[in-house]
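Chains as they are written, first to last, in this note's numbering: chain A, 54 to 212; chain B, 54 to 212.
Note that these hints are calculated values from the structure, not bench results.
All values reported here derive from a predicted model rather than from experimental measurement.
There could be a bad hint or two in this list.
Which copy is meant is left open, so a pair is good if it fits within one copy or across any two.
[Stated by the list, open to error] Heads up, simulated BS3-like pairs for lysine-lysine below, C-alpha to C-alpha not over 30 Å straight-line:
(1) Lys109 / Lys77
(2) Lys124 / Lys138
(3) Lys195 / Lys72
(4) Lys109 / Lys138
(5) Lys195 / Lys77
(6) Lys124 / Lys109
(7) Lys77 / Lys189
(8) Lys195 / Lys124
(9) Lys138 / Lys72
(10) Lys72 / Lys189
2 protein chains.
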Amino acid sequence: MSGPTFGPRISIEQVEEGKTLAPKFDSNGLIPVVTTAAETGELLMHGYMNAEALAKTIETSEAHYYSRSRKAIWHKGATSGLTQKVVEMLIDDDQDAVWLRVSVAGSGASCHVGYRSCFYRSIPMGDVAAAVENLKFEESEKTFDPVAVYGDAPNPTQL
Amino acid sequence: MSGPTFGPRISIEQVEEGKTLAPKFDSNGLIPVVTTAAETGELLMHGYMNAEALAKTIETSEAHYYSRSRKAIWHKGATSGLTQKVVEMLIDDDQDAVWLRVSVAGSGASCHVGYRSCFYRSIPMGDVAAAVENLKFEESEKTFDPVAVYGDAPNPTQL
């Protein structure tokens, strides 16, 4: 069984200045994906796609990722209902990163911990030793109860 | 010589809900970084930091990355003058991705090809075969001439 076919990477000029979609997947077959809220520009999450997830996202206009913890294609929102409708999808200069601008269904949350964005803590600047002990919560309330939504499903966070 | 010290990763709860900065570096010692323009929310670039680059960014409030092509710490803008002043720095739930909200010096460009954002091409949605041949340029003009700025420096894009 062969996967979806993307363009070949022939030259720097073709990759950077051409109209051919020639994504570079890493040694694990993945490409990083940056997902922002189309309405606000807020960064919601950072994930990964394999070639199949990229193709499914193009075909359906709903965000599909590759779950490294579950080792499977992941249709975002299939469990929680918080699907991500793709408003615009872009690729960077050397085609090794994807940007999804999405509109999220329901409450608009995108984080399995319950927050709106996965990036709910800021790092104080200036001194490394002080920063290590003082992450600051920028979101004060969860938008949903993860236990109610996910039940006993394994937490995707890996130590 | 030991590098900068970040927190230990003890439990999922501590990583997700704690105040300790305990970043997860991958097998190459890197963590992905999403950089957006603080003023507009536009995604400027997707890069990587090692522990030293993360520490230098905290200490100086100027974005430092790790260049995978040059295999060296990279003070963004050291050559072009387009430094990135960090307005806010955040980390995600499982602490394996960093978000930099920056204000860019000079013209505000962040892409070595000359465009403002590295993400200057969109992927048309609906059909994979059509998408592969039809990337669409969303920026029409370069903000600087890469040859004038970088001269004979090797292009960082890897095929």
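Hints, verified against the model:
| no. | hint | verdict |
| --- | --- | --- |
| 1 | Lys109 / Lys77 | both (17 Å within a copy, 29 Å between copies) |
| 2 | Lys124 / Lys138 | within (23 Å within a copy, 37 Å between copies) |
| 3 | Lys195 / Lys72 | between (42 Å within a copy, 17 Å between copies) |
| 4 | Lys109 / Lys138 | within (12 Å within a copy, 37 Å between copies) |
| 5 | Lys195 / Lys77 | between (36 Å within a copy, 24 Å between copies) |
| 6 | Lys124 / Lys109 | within (16 Å within a copy, 34 Å between copies) |
| 7 | Lys77 / Lys189 | between (35 Å within a copy, 18 Å between copies) |
| 8 | Lys195 / Lys124 | within (27 Å within a copy, 40 Å between copies) |
| 9 | Lys138 / Lys72 | within (24 Å within a copy, 32 Å between copies) |
| 10 | Lys72 / Lys189 | between (42 Å within a copy, 7 Å between copies) |
The earlier numbered hints are all upheld by this structure, with none contradicted.
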